[in-house]
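One line per chain: the protein sequences are A and B, in this order. According to the working numbering, the residues represented by the first sequence are 1 to 187, in order. According to the working numbering, the residues represented by the second sequence are 188 to 374, in order.
Incorrect hints may appear among the rest.
[Claimed, not checked] Quick list of in silico lysine-lysine cross-link-like pairs, DSS-like style, CA-CA up to 25 Å:
#, chain 1, residue 1, chain 2, residue 2
1, A, K16, A, K75
2, A, K169, B, K361
3, A, K45, A, K75
4, A, K16, B, K262
5, B, K356, A, K112
6, B, K289, B, K262
7, B, K232, B, K289
8, A, K112, B, K203
9, B, K299, A, K45
10, B, K254, A, K67
11, B, K232, B, K361
12, A, K16, B, K289
13, B, K232, A, K112
14, A, K16, A, K45
15, A, K16, A, K174
16, B, K356, A, K174
17, B, K361, A, K112
18, B, K203, B, K254
19, B, K299, B, K203
20, B, K254, A, K16
21, B, K254, B, K232
22, B, K356, A, K169
23, B, K299, B, K254
24, B, K262, A, K45
25, A, K75, A, K102
26, A, K45, A, K174
Just so you know, the hints here were simulated from the structure itself, not pulled from any lab data. Computed from a prediction, not measured in an experiment: that's the story for all the values here.
There are 2 protein chains.
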Amino acid sequence: MRIEVLRIGHRPQRDKRITTHVALTARALGAAGIKIAEADAGLVKTVQAVAARFGGTFAAESGTGWKGPINAWHKAGGQVVHLTMYGRPLGEAMPDIRNRGKDVLLVVGAEKVPGELYQMADENVAVGNQPHSEVAALALAIDRLRAGRWEADVFEGGTIEVVGTARGKQVREKRQGKGAASDSGYA
Amino acid sequence: MRIEVLRIGHRPQRDKRITTHVALTARALGAAGIKIAEADAGLVKTVQAVAARFGGTFAAESGTGWKGPINAWHKAGGQVVHLTMYGRPLGEAMPDIRNRGKDVLLVVGAEKVPGELYQMADENVAVGNQPHSEVAALALAIDRLRAGRWEADVFEGGTIEVVGTARGKQVREKRQGKGAASDSGYA
């Protein structure tokens, strides 16, 4: 099952870091790519630079609009799942979404989303009914869709990789590359 | 098992929204409270305002420092779990953490964390070995610690509650209160 993310309502001035977290979370949990409805070339560059260093084949683009990607996803036979606090509970909706076996486009908004989105989505899924974070909602949704299997993903290529250890840090150069990972690994 | 969150390395100018997402995620998934090592009274007020509207008993404070809360947690018999991309894999570490049956202080850094933290923590846990987001890492860690049971949590009190529906939004006034939820539910 292919998973992609569509980010809408991104305001480059205000949301740069949150949307970066959305994109990196999508990548780390094995989504194939992210489309950002609004244009932000700098953000795409940041995400692509991480992908180049750490490997894998994550695709990021911005300025795609939101109706076009949703219509294209539907046309290709996929299902569109909108993450919101106003939807069906995650635990109830996810088994249905998985059982359909169709590719999933996960749509995450910022503060405001167009009302029409609730109608265009095949599913509106609530990751809890409390206000929190689209980054958290996305992480939990992908984790459930993939039943935790992202932990075993291998990111081919790139220049460095991190090796998990109980204490301290271990970063391995895959081949000649520049730069070291940041201390916490969080952007 | 009581879960609390300690946020370190918060830079008020740069991290306000990410740390707000950390705090709201902690609350939404049922953590008892958050301590932010660095002072940011405005952020604490924002989180407390959400808690007042949506109910529950989430405690937020800032300017706590980080060694003090870690030492106090240890003294009270709890375990300290640092989320980082450089730790033991989540799937391997979480069963051990749960089996100990001790309260958990989850420590999440921003870009940089003090090296000493890796030694003071009982566990350094990697939520994947790819760079992503402390918001996502926290969500996945609490979800695993609580085996998804946060979805059934009830937040007593507050003035409004959201009722999950397949289409559109439904917000119920618990009692006379002001304000409506934002459209997506994400800060």
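Each hint tested on the structure:
Proximity of A/K16 to A/K75 is assessed by CA-CA distance (about 30 Å); at most 25 Å being required, the pair is judged violated. Proximity of A/K169 to B/K361 is assessed by CA-CA distance (about 48 Å); at most 25 Å being required, the pair is judged violated. Under the criterion of a C-alpha separation no larger than 25 Å, the hint pairing A/K45 with A/K75 is inconsistent with the structure, at around 29 Å. Between A/K16 and B/K262, the direct Cα distance comes to roughly 40 Å. Violation of the 25 Å bound is thereby established for this hinted pair.
A threshold of 25 Å between alpha carbons decides the hint, and for B/K356 with A/K112 the separation of about 13 Å falls inside it, so the pair holds. Between the alpha carbons of B/K289 and B/K262 the distance comes to roughly 12 Å, so the proposed pair stays at or under 25 Å and holds. For the given pair, B/K232 sits about 30 Å from B/K289 by alpha-carbon distance, which is inconsistent with the 25 Å threshold. Distance hint between A/K112 and B/K203 is fulfilled; the C-alpha atoms sit about 19 Å from each other, no more than 25 Å.
Distance hint between B/K299 and A/K45 is fulfilled; the C-alpha atoms sit about 22 Å from each other, no more than 25 Å. At most 25 Å may separate the alpha-carbon atoms for a hinted pair to count; B/K254 and A/K67 exceed this at roughly 49 Å. For the hint linking B/K232 to B/K361, the alpha-carbon distance of about 22 Å falls within 25 Å, and the restraint holds. Distance restraint check for A/K16 and B/K289: the Cα-Cα separation of roughly 38 Å exceeds the 25 Å cut-off, and the hinted pair is therefore not satisfied.
Simply put, B/K232 and A/K112 have alpha-carbon atoms about 22 Å apart, close enough for the 25 Å limit, and the pair holds. Restraint check: the Cα-Cα separation between A/K16 and A/K45 comes to about 12 Å, which is no more than 25 Å; the hinted pair holds. Distance hint between A/K16 and A/K174 is unfulfilled; the C-alpha atoms sit about 29 Å from each other, more than 25 Å. For the hint linking B/K356 to A/K174, the alpha-carbon distance of about 48 Å lies beyond 25 Å, and the restraint is violated.
Restraint check: the Cα-Cα separation between B/K361 and A/K112 comes to about 23 Å, which is no more than 25 Å; the hinted pair holds. Restraint check for B/K203 and B/K254: satisfied, since their Cα atoms lie roughly 22 Å apart, inside the 25 Å limit. Of the pairs offered as hints, the one joining B/K299 and B/K203 holds, with about 16 Å between alpha carbons and a cut-off of 25 Å not exceeded. For the proposed pair B/K254 and A/K16, the alpha carbon gap of about 31 Å is over 25 Å, so the pair is violated.
Distance hint between B/K254 and B/K232 is fulfilled; the C-alpha atoms sit about 24 Å from each other, no more than 25 Å. Distance check on the hinted pair: B/K356 and A/K169 sit about 45 Å apart at the alpha-carbon level, beyond 25 Å; violated. For the hint linking B/K299 to B/K254, the alpha-carbon distance of about 16 Å falls within 25 Å, and the restraint holds. Under the criterion of a C-alpha separation no larger than 25 Å, the hint pairing B/K262 with A/K45 is inconsistent with the structure, at around 46 Å.
A distance of roughly 12 Å separates the Cα atoms of A/K75 and A/K102; the hinted pair therefore holds under the 25 Å criterion. Between A/K45 and A/K174 the CA atoms are separated by roughly 22 Å; this keeps the pair inside 25 Å, and the hint holds.
Consistency note: the structure conflicts with the earlier hints numbered 1, 2, 3, 4, 7, 10, 12, 15, 16, 20, 22 and 24.
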